[in-house]
Amino acid sequence: MTISNEVSNDAPILDVRNVVMHYRTEKGDVSAIENVSFSLKSGESFGLVGESGCGKTSMAMALLQLQAENATFKGGEIVLNGEDMLKMNPAEVRSHRWSDISMVFQGAMNAWNPVHRVGAQIKEAMDLHIRPQLSHTESRERIASLFEMVGLDPEMMDRYPHEFSGGMRQRAIIAMALSCDPQIIIADEPTTALDVIVQDQILTELKKIQHDLGMSIIYISHDIAVIAEVTDRMGVMYAGKMVETGPTIEVFHNPKHPYAFLLLSSTPSITGPRRKLAPLEGEPPNLLDPPPGCRFHPRCPFVTDQCRTEEPPLAEIGGGHRVACWNWESVPPLSEGLRK
Amino acid sequence: MTDVQAPASTRPLIKVEGLQKLFPIGSSRFRAPDAHVHAVDGIDFEIAPGESLGLVGESGCGKSTTGRMLVRLMDPTAGSILLQDGDEMIDIAAIDKRDMLRFRRRVQMIFQDPFESLNPRRTVYDTVAEPLTVQRVGSVPEREMRVAKLLDLVGLSPADTFMFRYPHELSGGQRQRVAIARALVLDPSFVVADEPTSMLDVSIRISIMDLMLSLAEEFGVSYLYITHDLAVARYMCDRIAVMYLGKIVEITDTEELLSNPQHPYTKALLSAVPVPDPAYRRPDVLIKGGIAKAIDPPPVCRFVDRCPMATDFCRTHDHPDLVDKGNRHFVACHLVESSAG
Ligand SMILES: Nc1ncnc2c1ncn2[C@@H]1O[C@H](COP(=O)(O)OP(=O)(O)OP(=O)(O)O)[C@@H](O)[C@H]1O
Ligand SMILES: Nc1ncnc2c1ncn2[C@@H]1O[C@H](COP(=O)(O)OP(=O)(O)OP(=O)(O)O)[C@@H](O)[C@H]1O
Ligand code: SF4
Ligand SMILES: [Mg+2]
Ligand SMILES: [Mg+2]
Numbered sequence: 001m002t003i004s005n006e007v008s009n010d011a012p013i014l015d016v017r018n019v020v021m022h023y024r025t026e027k028g029d030v031s032a033i034e035n036v037s038f039s040l041k042s043g044e045s046f047g048l049v050g051e052s053g054c055g056k057t058s059m060a061m062a063l064l065q066l067q068a069e070n071a072t073f074k075g076g077e078i079v080l081n082g083e084d085m086l087k088m089n090p091a092e093v094r095s096h097r098w099s100d101i102s103m104v105f106q107g108a109m110n111a112w113n114p115v116h117r118v119g120a121q122i123k124e125a126m127d128l129h130i131r132p133q134l135s136h137t138e139s140r141e142r143i144a145s146l147f148e149m150v151g152l153d154p155e156m157m158d159r160y161p162h163e164f165s166g167g168m169r170q171r172a173i174i175a176m177a178l179s180c181d182p183q184i185i186i187a188d189e190p191t192t193a194l195d196v197i198v199q200d201q202i203l204t205e206l207k208k209i210q211h212d213l214g215m216s217i218i219y220i221s222h223d224i225a226v227i228a229e230v231t232d233r234m235g236v237m238y239a240g241k242m243v244e245t246g247p248t249i250e251v252f253h254n255p256k257h258p259y260a261f262l263l264l265s266s267t268p269s270i271t272g273p274r275r276k277l278a279p280l281e282g283e284p285p286n287l288l289d290p291p292p293g294c295r296f297h298p299r300c301p302f303v304t305d306q307c308r309t310e311e312p313p314l315a316e317i318g319g320g321h322r323v324a325c326w327n328w329e330s331v332p333p334l335s336e337g338l339r340k
Numbered sequence: 341m342t343d344v345q346a347p348a349s350t351r352p353l354i355k356v357e358g359l360q361k362l363f364p365i366g367s368s369r370f371r372a373p374d375a376h377v378h379a380v381d382g383i384d385f386e387i388a389p390g391e392s393l394g395l396v397g398e399s400g401c402g403k404s405t406t407g408r409m410l411v412r413l414m415d416p417t418a419g420s421i422l423l424q425d426g427d428e429m430i431d432i433a434a435i436d437k438r439d440m441l442r443f444r445r446r447v448q449m450i451f452q453d454p455f456e457s458l459n460p461r462r463t464v465y466d467t468v469a470e471p472l473t474v475q476r477v478g479s480v481p482e483r484e485m486r487v488a489k490l491l492d493l494v495g496l497s498p499a500d501t502f503m504f505r506y507p508h509e510l511s512g513g514q515r516q517r518v519a520i521a522r523a524l525v526l527d528p529s530f531v532v533a534d535e536p537t538s539m540l541d542v543s544i545r546i547s548i549m550d551l552m553l554s555l556a557e558e559f560g561v562s563y564l565y566i567t568h569d570l571a572v573a574r575y576m577c578d579r580i581a582v583m584y585l586g587k588i589v590e591i592t593d594t595e596e597l598l599s600n601p602q603h604p605y606t607k608a609l610l611s612a613v614p615v616p617d618p619a620y621r622r623p624d625v626l627i628k629g630g631i632a633k634a635i636d637p638p639p640v641c642r643f644v645d646r647c648p649m650a651t652d653f654c655r656t657h658d659h660p661d662l663v664d665k666g667n668r669h670f671v672a673c674h675l676v677e678s679s680a681g
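Just so you know, the protein sequences line up as chains C and E, in that order.
Numbering-wise (this note's numbering), the first sequence opens with residue 1 and increments by one.
Numbering-wise (this note's numbering), the second sequence opens with residue 341 and increments by one.
It cannot be assumed that every hint is accurate.
Using 20 Å as the maximum straight-line C-alpha spacing, the simulated EDC-like pairs for lysine to aspartate or glutamate come out as follows [as the list claims (entries may be wrong)]:
#  : chain 1 : residue 1 : chain 2 : residue 2
1  : C       : K41       : C       : E148
2  : C       : K27       : E       : D661
3  : C       : K208      : C       : E44
4  : E       : K633      : E       : D617
5  : C       : K276      : E       : D550
6  : C       : K27       : E       : D617
7  : E       : K633      : C       : D153
8  : E       : K628      : C       : E283
9  : E       : K489      : E       : E456
10 : E       : K437      : E       : D425
11 : C       : K208      : C       : E148
12 : C       : K207      : E       : D617
13 : C       : K208      : C       : E283
14 : E       : K489      : C       : E44
15 : C       : K276      : E       : D500
Hints in this document: simulated from the structure, not taken from any laboratory.
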């Protein structure tokens with residue numbers, strides 16, 4: 001693993017600055033990432049949460065430079081180990097992808113090629129990216145230990161994808177993402193297809209690898225309890241914008257963006273009284289024609305006139321906690337903890 | 341056969357008896373050529389009209405296989421699937437071609453994975469309207485209105501901005517909602533929902549569950565709701581069945597299961613549910629390591645190798661029957677005593 005020497009220990013390994021990415025469509029531009037900034041330190045885990053369709057996967061794809069063909073960057077920098085990926089040529093990008101920054105794709109469990117054995121497909125990835133190449137036996141041993149780590153019978157490496165259940169395919173995908181020892185892993189809904197016991201086992205294992213190897217992880221998930229348990233810092237996205245970032249414990253205990261606040265107060269739970277939950281009022285935003293001013297204003301209970309015309313900046317409110325809301329001081333404390 | 345009753349007053353909409361699915365696997369240096377994966381190994385349950393039964397359990401324990409058999413996308417190795425049809429119960433495991441079309445209309449499945457189940461070359465409209473076309477329901481303008489209405493109901497609005505998109509132009513959760521709209525477009529009476537909301541944020545998840553619950557209330561739609569999210573199961577389901585390696589190990593009312601779990605696997609499962617508070621440290625999950633093997637498992641309790649409570653008795657006796665331990669709380673474990681009464 002190479003760590004370039006211009007970078008001091010405290011500098012972020014990944015620094016996303018004011019990135020704007022749109023999708024061109026027949027109906028106009030989809031504003032999927034609008035001026036998003038965040039950073040990731042070495043050994044840190046960062047959680048990304050937000051509404052379905054708010055731009056999380058788009059952000060992840062941009063980090064790997066694997067965006068869809070109709071995507072265009074309108075500005076910003078994605079600085080990996082001191083170098084801006086948006087300025088690199090395709091060959092340079094390829095040299096970083098997988099070995100420096102790898103990804104567990106959302107829905108990747110179906111990316112397996114049905115006619116090849118799962119183990120052979122992992123071996124192929126390792127042969128392409130690990131230098132010097134591992135011998136046949138070394139590869140098999142490595143795959144076996146990765147399989148054990150994600151709770152798969154090593155014998156399964158010689159079986160075909162259709163012989164795996166959905167969750168088993170997903171575990172094999174996680175094994176593949178780890179196979180080339182990346183510095184950064186982006187995990188897009190990595191455990192949603194898994195039962196909670198296997199999820200617990202894999203997340204514990206990832207935490208351990210993260211600490212032992214100083215690996216950084218970006219978790220994207222709709223399961224905010226997972227984000228609470230595994231991340232150090234987090235960001236909340238809404239309609240292509242980053243609306244709140246900060247230490248996970250701060251954001252959970254003291255959410256200050258109205259969307260984050262509503263998200264955290266409406267989570268179903270297995271304890272406490274069984275209650276009817278209220279979904280967010282109003283329509284999800286149309287990214288072909290996003291609302292002016294604050295993008296959350298049509299659905300926001302704290303809206304004031306300013307919100308309808310002026311866009312709130314992502315501003316520090318103390319302790320590394322940033323919020324993009326004109327009225328964050330009106331947002332009440334989350335009554336009681338979320339537990340119970 | 342164990343007797344897992346839906347509320348005694350109503351006739352079940354669907355009744356499953358001794359359902360089994362074995363997959364033969366080829367030979368290798370690890371095993372004999374005639375080995376089988378026991379994906380689903382003799383399960384029984386009933387679902388009443390308007391009832392929603394949750395199916396939870398380890399990844400790979402046979403939930404999707406069960407669901408696929410119920411909608412006849414896969415033939416069972418053994419067992420029957422009785423579906424209420426007027427005054428009769430017909431065995432859809434033995435149904436013939438002629439009755440298939442009529443049956444398809446009533447029974448739908450929302451597939452686990454919208455990345456796999458949506459045809460990449462068909463627009464959202466084509467996908468959602470297809471069941472209407474196949475069943476020859478309505479005129480073209482009527483179909484368009486019906487599709488638009490469903491897209492609205494699942495939160496893909498304004499509908500006309502989504503109708504003519506292809507799957508690759510949709511986010512994960514948007515694809516999942518297309519799959520839901522498609523399954524509901526024909527007003528089915530029974531829906532197998534395989535992880536239908538796993539990729540949705542809580543808010544949309546709640547609206548979709550509310551939509552499905554209102555269909556249950558108004559039209560008596562029943563669900564087999566497969567999920568890994570126990571909080572979702574709690575919100576959505578009247579009863580929950582817990583599976584482990586092809587067997588149902590516990591089945592009872594949702595609140596009873598969550599507050600008074602009896603099977604050691606269920607207990608472990610509940611203790612592994614993450615808690616949405618970064619300051620809270622969950623105690624360790626009580627389950628032994630090791631990997632569940634579904635290939636020709638020995639006849640003893642399927643959970644024995646990973647069970648923290650297993651005794652010699654468990655290691656030497658057949659897999660325990662699923663029996664009522666009191667108050668219609670069914671458990672398959674040698675060590676769980678029946679409660680008095
Ligand atoms: N290739 C594309 N062309 C046009 N629009 C697209 C394309 N890919 C994504 N979009 C749109 O961009 C927005 C952001 O999509 P993205 O996949 O990043 O969302 P997400 O936050 O990952 O959502 P989810 O949680 O549902 O996976 C969505 O509104 C989606 O419809
Ligand atoms: N076509 C097949 N050939 C061989 N084995 C199969 C096949 N389909 C499924 N299996 C096996 O059957 C078992 C049950 O699979 P199934 O897909 O029903 O699990 P599941 O409970 O839905 O899991 P998940 O929660 O991961 O989706 C697994 O051990 C799987 O490997
Ligand atoms: S800026 Fe205004 S509309 Fe936006 S979240 Fe804050 S209060 Fe609500
Ligand atoms: Mg996504
Ligand atoms: Mg499944």
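Looking at the structure, which of the earlier hints fail to hold?
Per hint list: 1, 2, 4, 6, 8, 9, 13, 14 and 15 violated.
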